[in-house]
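Novice: Next come the chains, spelled out residue by residue.
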Amino acid sequence: MGILDIKACTKRFGGLVAVKDLNMALQPGDLYGLIGPNGAGKTTIFNLITGVYAPDEGSIELDGTAIHRWKPAAIARLGMSRTFQNIRLFQSMTVLENVKLARHMRKKQGLFDAIVRTEKLKEEEKEVEHDAYELLKIFNLDTRAHELASNLPYGSQRRLEITRALATKPKVLLLDEPAAGMNPQEARELMRLIQWSRDQFQITILLVEHNMQVVMGVCEKIQVVDYGETIALGSPREIQGDPKVIEAYLGGA
Amino acid sequence: MRKWIYWLVAIAALAGLQASLKGLIGAYNYQIVILVGINIILAVSLNLINGVTGQFSIGHAGFYAVGAYASASVVFYGGPSIRAAVAFLPAMAQDGVLLLMGSFAAAITAGLAGLAVGIPSLRLRGDYLAIVTLGFGEIIRVLILNLDVIGGSRGFSGIPQLSNFFWVYLAVLITIISIHNLVHSSYGRAFVSVRDDEIAAEAMGVDTTRIKVMSFVISSMFAGIAGSLFGHYTMYLHPNSFLFTTSFNIIIMIVIGGLGSIEGAVLGAILITIILEVFREFGAMRLVNFSILLVLIMLYRPQGLLGTWTLFKKRDRAAPAN
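Line order of the protein sequences matches chains A and B. Using the working numbering, read the first sequence as starting at 1 and increasing by one per residue. Using the working numbering, read the second sequence as starting at 1 and increasing by one per residue.
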């Protein structure tokens, strides 16, 4: 049994079939790539997995639990975290607060503790802050911990989003075009970071990316979709040689 | 332990002022001071919804009214039996017990009203939520207008005077400290995350509907307490004290002070209450001058007088000890 199982999922928007009969199986520890031309349905698949949309048909299981009717927050609590294609940080919070927020769902403090500011709460706050700092250090963001997230340069904002997602202690991490807008140097750095995070935190990573260098360099298994359907599945080498993939990207002869 | 000493000092200071304040500043100014206190509670609590959680409510006067009438009813109808039960206490302590019970009832009733309004309406955003809350405020007012047991359109008279400077400012302290603590806890971060980006908040495991309802209910409870203190100070309640202009005045306070800042809400409440009093000498031109002032402030200081400035920056932003 996989950590993330998508079985025969279909999603329609009116007459448009955005995702058709999709199957996907991620094993624990996978670094899995999802690619496809523009409009292939990649983001819809992400939204199905994270609970933004419910599939019309089929099922999605996270670690053996069917989640395809759940709300996004509940799915996140079960162990799924994500980043966004267009960065969605909490702009009016500091870098540190952004990371600390990710721990909200695992808090032990009650409302009463918060209002009275009990010792129990102070202990927990200290622990959360410590953990957040440790994580920020890993991603080289600790020196800017007290700046507003909106003041960070673009590349750092991308890294902060990944940091925040990791702070939720997920089982599965979904990265939606993490290399978008990065220069080759930053992209190489990101690849290293993705691989390192997978090994360090022993998580499963699903990656949507347009930058082929990143996808081919970092993913061990790649699934190619076009018009909502899977057209190829295999290792980077197999994918690169697949005639159907070449056709989807470059157009048929 | 130190916490309790601070509280004892604060209570002693309030009691001392209670004994001397009226003589020092006169009855008229004393009444303004009381009104300022009640408005601080209203502004700081509304700031939790409108400023911190980023939901636009314009029905705060509704919860204020619910609290005022709930407390007045409890004390008016249940007062004699409560007094009989605590007859062994001196008269001043009896008043205190009555006021506490009334305020407790006010907080609970207003909180329940907040829950009843919040659960269906907080799925709405922006303008739609504003309209629902505005409607709620009016429903409450019209309901009270037609309820004869609490005076209806004649107003509710015969409410004993129980609140005074001491109680009002004790409530002010409790409100400010509670909401400050809340805003600087994990819940506070969740409130702000809902304001900044609901989709990202959901993805981070924050149940946004629950968080919004929570902020709404807590805010309503404090508005209810403000209502209780108001009714037991003026000894008379009329639905006209809870018009939607009352809600707007509270919104003006928090916007002038700086949305999201507790210090701003306090400053806004003090300024607006005093300005509305001082401008009485303009007679019919009072609200015109008031509006001109608001326009000027918003032109030259759109982020509010204090913006996002906070007194407590140092403590909250301190580096952790490893």
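No lab work stands behind these hints, which were simulated from the structure alone. Just to be clear, a hint being listed does not mean it is correct.
No farther apart than 25 Å at their CA atoms in a straight line, the calculated lysine to any residue pairs in the SDA-like style are these [as the list claims (entries may be wrong)]:
(1) K22/B - S81/B
(2) K3/B - T118/A
(3) K120/A - R2/B
(4) K3/B - M93/A
(5) K20/A - A232/A
(6) K169/A - E198/B
(7) K171/A - N183/A
(8) K107/A - K22/B
(9) K126/A - K22/B
(10) K122/A - A93/B
(11) K7/A - A66/A
(12) K7/A - Q109/A
(13) K22/B - V9/B
(14) K3/B - A66/A
(15) K7/A - Q91/A
(16) K3/B - E134/A
(17) K107/A - N86/A
Novice: Each hint needs a verdict: does it hold in this structure or not?
Specialist: Verification of the supplied hints:
Proposed proximity of K22/B and S81/B is contradicted: the alpha carbons are some 31 Å apart, above 25 Å. For the suggested pair K3/B and T118/A, the alpha carbons sit about 11 Å apart, so the restraint of at most 25 Å is met. Taken as a hint, the K120/A and R2/B pair is honoured in the structure, with Cα atoms around 17 Å apart against an allowance of 25 Å. Among the hinted pairs, K3/B with M93/A is inconsistent with the structure: their alpha-carbon atoms are about 29 Å apart, more than 25 Å.
Proposed proximity of K20/A and A232/A is supported: the alpha carbons are some 14 Å apart, at most 25 Å. Our distance criterion of 25 Å between C-alpha atoms is met by K169/A and E198/B, whose separation comes to about 20 Å. Taking the CA atoms of K171/A and N183/A, the gap is near 29 Å; set against the 25 Å cutoff, the hint is violated. Straight-line distance between C-alpha atoms of K107/A and K22/B comes to about 47 Å, which puts the hinted pair past the 25 Å bound.
For the given pair, K126/A sits about 45 Å from K22/B by alpha-carbon distance, which is inconsistent with the 25 Å threshold. For the given pair, K122/A sits about 35 Å from A93/B by alpha-carbon distance, which is inconsistent with the 25 Å threshold. Restraint check for K7/A and A66/A: satisfied, since their Cα atoms lie roughly 11 Å apart, inside the 25 Å limit. The suggested pairing of K7/A with Q109/A is violated, with an alpha-carbon distance near 38 Å, which exceeds 25 Å.
With a C-alpha separation of about 21 Å, the suggested pair K22/B and V9/B falls inside the 25 Å cut-off, and the hint holds. Pair hint K3/B plus A66/A does not hold up; C-alpha atoms about 48 Å apart against a cutoff of 25 Å. Using a Cα cut-off of 25 Å, the hinted pair K7/A and Q91/A is violated, with the two alpha carbons roughly 37 Å apart. Taking the CA atoms of K3/B and E134/A, the gap is near 31 Å; set against the 25 Å cutoff, the hint is violated.
A hinted pair counts as satisfied when its Cα atoms are at most 25 Å apart, and K107/A with N86/A does not qualify at roughly 28 Å.
Hint compliance for this structure: hints 1, 4, 7, 8, 9, 10, 12, 14, 15, 16, 17 are not met, and every other hint is.
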